[in-house]
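J.: If you read the sequence shown in the UniProt record's numbering, its first letter stands for residue 1, the second for the next number, and so on.
Read the hints as simulated data drawn from the structure, not as lab findings.
Every residue gets a Cβ at the ideal spot worked out from N, C-alpha and C, and that includes glycine.
It cannot be assumed that every hint is accurate.
Calculated cross-link-like contacts (lysine-lysine; reagent style DSS-like; alpha-carbon spacing at most 25 angstroms) [claimed, not checked]:
| id | residue 1 | residue 2 |
| --- | --- | --- |
| 1 | LYS20 | LYS40 |
| 2 | LYS20 | LYS6 |
| 3 | LYS6 | LYS40 |
Pairwise CB distance ranges, derived in the manner of DEER restraints [stated by the list, open to error]:
| id | residue 1 | residue 2 | range |
| --- | --- | --- | --- |
| 4 | PHE67 | ASN30 | 16 to 22 angstroms |
| 5 | ARG25 | ALA64 | 35 to 41 angstroms |
| 6 | GLY26 | GLN63 | 33 to 39 angstroms |
| 7 | GLY11 | ASP53 | 21 to 27 angstroms |
| 8 | THR29 | ALA62 | 27 to 33 angstroms |
| 9 | LYS6 | GLY26 | 27 to 33 angstroms |
| 10 | PHE67 | ARG25 | 17 to 23 angstroms |
| 11 | LYS6 | PRO52 | 29 to 35 angstroms |
| 12 | LEU24 | GLU65 | 27 to 33 angstroms |
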Amino acid sequence: MTATLKSRTLGEARDIINRKVEALRGELTNVDFVLCEDFKTVMVYADVDSEPDAVSVYFDLAQAEAFDPERHAADFFSSPASRRATV
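My request is simple: use the sequences and hints to build the entire structure.
T.: This is the structure we're talking about:
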């Protein structure tokens, strides 16, 4: 039996992080993007001022999409809820 995993988009990852930041009653202070060994999964590490550890979540690159941390950051912060943070 083959398990089918649902891909997660950057927008979905951003929403998860924003909910976690809100639950921690903090603010984003930094966001980093790291390409995983499979070359298609990207880990998002978000620093929160009220938390000593980073909040992390993954998203999947679309087929043939290149890893581009600067573009990912721009897309991440294009959401009104995320504009308060700085990269």
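J.: It remains to establish, for every hint, whether it holds in the given structure.
T.: Now the hints, each set against the structure:
Note on LYS20 and LYS40: the hinted pairing holds, with a Cα-Cα distance of about 24 angstroms set against a maximum of 25 angstroms. Restraint check for LYS20 and LYS6: the C-alpha separation of about 21 angstroms stays at or below 25 angstroms, so the hint holds. With a C-alpha separation of about 13 angstroms, the suggested pairing of LYS6 with LYS40 holds against the 25 angstroms cut-off. Taken as a hint, the range 16 to 22 angstroms holds for the pair PHE67 and ASN30, whose Cβ atoms sit roughly 19 angstroms apart.
Judged by the Cβ atoms, the range 35 to 41 angstroms given for ARG25 and ALA64 holds: they are separated by roughly 40 angstroms. In this structure, GLY26 and GLN63 meet the distance hint of 33 to 39 angstroms, their C-beta atoms being roughly 35 angstroms apart. The beta-carbon spacing between GLY11 and ASP53, approximately 24 angstroms, falls within the hinted interval of 21 to 27 angstroms. Under the hint 27 to 33 angstroms, the C-beta atoms of THR29 and ALA62, about 28 angstroms apart, fit the expected range.
At roughly 28 angstroms, the beta-carbon separation of LYS6 and GLY26 lies within the given 27 to 33 angstroms, and the hint holds. Separation of PHE67 from ARG25 is about 32 angstroms and departs from the stated range, judged on CB atoms against 17 to 23 angstroms. Distance hint check: the CB atoms of LYS6 and PRO52 are about 31 angstroms apart, consistent with the given range 29 to 35 angstroms. Between LEU24 and GLU65 the Cβ separation comes to about 30 angstroms, which falls inside the hinted range of 27 to 33 angstroms.
Consistency with the previously given hints fails for number 10 only.
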